[in-house]
Amino acid sequence: MNTKILKYILLDLLRSKFIISYTLFLFLMSMSVIYIGHDSSKAAVSILNIILFVVPLVCIIFGTIHFYNSREFIEFLLTQPVARKSIFWSEYLGISGSLSAAFIIGAGVPVISAGINITGVYLLVTGTMLTFIFVSLAFLSSTINNDKVRGVGLSIILWLYLSVIFDGFVMMIFYMFRDYPLDKYIVALTSLNPVDLSRILILLQIDISALMGFTGATFQKFFGSITGKFISLMLLLLWIVIPAFISLRIFNRKNF
Amino acid sequence: MVRYSKIFIHIFIFTFLINNLCSGKDISVCSVRGYKTVKSALENSSDGDRIIIKKGYYRENNIIVDKRVQILGEDNPVIDLEFINQGFIVRKDSVIIRGLEIRNIKVSYVQDLSAIKIENSSGCTVENNILYNTFFALYLANSDNCLVKGNKITGFAQTESSSGNGIHLWKCNNIRIESNETSGHRDGIYFEFVTNTRILNNYSHNNLRYGLHFMFSDSNSYMKNLFSENGAGVAVMYTKNIIMEENIFTGNWGPASYGILLKDISRSVIRRNKFIKNTIGIFMEGSDKMNIEENEFRDNGYAVKVFGNCSSDTLIRNNFIGNTFDISTNSSRNENYYSENYWDKYKGYDMNKDYTGDVPYRPVSLYSMLVEKVPESIIMMRSFITDIIDFTEKAIPVFIPESLVDEKPKMILNEYN
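Order-wise, the sequence lines are chains A and B.
Take 1 as the starting number for the first sequence in this note's numbering and just add one per residue.
Take 1001 as the starting number for the second sequence in this note's numbering and just add one per residue.
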């Protein structure tokens, strides 16, 4: 792999206005949440909302748009004696690296300065994971579509689906099959969505009291155990790897 | 001067008389000389004697106290029951047992064996004893006007069926239970048919079932107690006229765990208590005319769970901070009154700066009602879909009980002074 390209893309992005303002935005949001409110668990909840809402949206939209905008640059690189794989990974790591750097600085510094605890670690780890996941998805939708508008549209739909629509379906299933014991299937169902997985991992840290209730105990037993956490993290990794490799396949065969 | 000396002489004569009338002789029990067992000392004592047990190790059990004596331990002498029988059985009024350490009570499935049992007596005192590895520890049956104070009671209960209660009262009246510590029993403190009793300043923790368990016991009060990490918190059932003030309920976690479980109780006051980190702060079922005021609910899963069969209860001037759900109910009707509470989730405004919000607050969210119906949906907590559900319901209320509303929500924490 050609680190020269990666270095160029990464530095170019880190200097860009967008990444800097994203960092500032995260920083100000987290700072204000932590220092204006006086309740630490409430702050964790607000940061959770930022992570689940802002991070996926920004990552998938920015990833898609950046991919289309650097299309000419990619086409130029393809004329050079460089492997396609290397161009793809440089682009991917450049974008996800700069976005996660922005996240770790923007949200991490306030969280760590407020006193590091296990909840904070979970917030940062899942936030970074989600960054990588949604950049993967962005690459998937922009390699599938040649047209920029359709690509961005698909990205928005993907985000909407994972953030809202999927949960709506799950709720509907809950309600329709409420007479049956569902807990185990629900654990399987929620692990099909990276946003839900991240949410539950953090939830176990902040809303433990309510989750200790009757059915919550089943989830607590799975997601709270070491194996459960390991499996969840592995699933999140799969969510990074699978879309990335599919889009690499498409990228390799693409006619530019 | 003459007047003072007269008073002095009076006092002198009075104390002399009292000394002669009330105090008997002192009998000491010592493992080296004299009476070597408490039993032999008791046999040779008469009403009004003081039996002083010197520091030592006594292997005795089934000590029946049927004389009006004081049994006093010096430097906590150990009485080891060796898992054979029970310890002291008091069957006389005004007996005092103080400063002993009683160990190793047998577990029985037939009898309620205990370290100290007081039966059909009045005016007894049990003070500053250490009761260790107990089945039942203190057992008061059909007694009145007693004082239980400063005892440290430790059990090692494994299962509910093979364990007893720390302080067990059955059919008693006017007892004071003060500054005791109980742990590792089935119930820390257990009341059945007990009236006019005060429970003050006790610490009941790590019991298998309840920290405090009330049944059919009217007109009692418990104040300034700390109940922590009990299997199911505190239960108050089938009772009326209870005063619960300034207690702390904390760390009761689990599927069937509450700060307080109120079942069929009425006309009682829950005031200035703190509920911290419980799965459910207060669970109310079939309870009416309760005054729940000036309490603090912090970091609970559910602060208050009210079943539909509760009515005429008032919740005023409480503080709700950092709870996942503030109020949860299974009914679409509401017959309780909520006012002047501080809700940290309240998002209204206060135009005239009187620290009371101008918009009413509805503490029940549609999502919490959904969780009540479909418990599995707890896993969707804090996802957007639940926010959307709650938001639409707030805009057009359909499912939330119409009258379950706090008309005067506070903008700042309620201060209690």
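What the hints contain is simulated information worked out from the structure, not anything from laboratory work.
Warning: the hint list may mix true and false statements.
Below, simulated DSS-like cross-link-like pairs (lysine-lysine); rule was C-alpha separation at most 30 angstroms, straight line [as the list claims (entries may be wrong)]:
hint, chain 1, residue 1, chain 2, residue 2
1, B, 1408, A, 42
2, B, 1353, A, 42
3, B, 1274, A, 42
4, B, 1274, A, 221
5, A, 42, B, 1289
6, A, 42, B, 1240
7, A, 184, B, 1353
8, B, 1289, B, 1240
9, A, 254, B, 1054
10, A, 42, B, 1345
11, B, 1055, A, 221
12, A, 42, B, 1394
Quick rundown of the hints versus the structure:
{"no.": "1", "hint": "B:1408 / A:42", "result": "holds (23 angstroms)"}
{"no.": "2", "hint": "B:1353 / A:42", "result": "holds (25 angstroms)"}
{"no.": "3", "hint": "B:1274 / A:42", "result": "holds (19 angstroms)"}
{"no.": "4", "hint": "B:1274 / A:221", "result": "holds (29 angstroms)"}
{"no.": "5", "hint": "A:42 / B:1289", "result": "violated (33 angstroms)"}
{"no.": "6", "hint": "A:42 / B:1240", "result": "violated (38 angstroms)"}
{"no.": "7", "hint": "A:184 / B:1353", "result": "violated (51 angstroms)"}
{"no.": "8", "hint": "B:1289 / B:1240", "result": "holds (10 angstroms)"}
{"no.": "9", "hint": "A:254 / B:1054", "result": "violated (96 angstroms)"}
{"no.": "10", "hint": "A:42 / B:1345", "result": "holds (10 angstroms)"}
{"no.": "11", "hint": "B:1055 / A:221", "result": "violated (50 angstroms)"}
{"no.": "12", "hint": "A:42 / B:1394", "result": "holds (21 angstroms)"}
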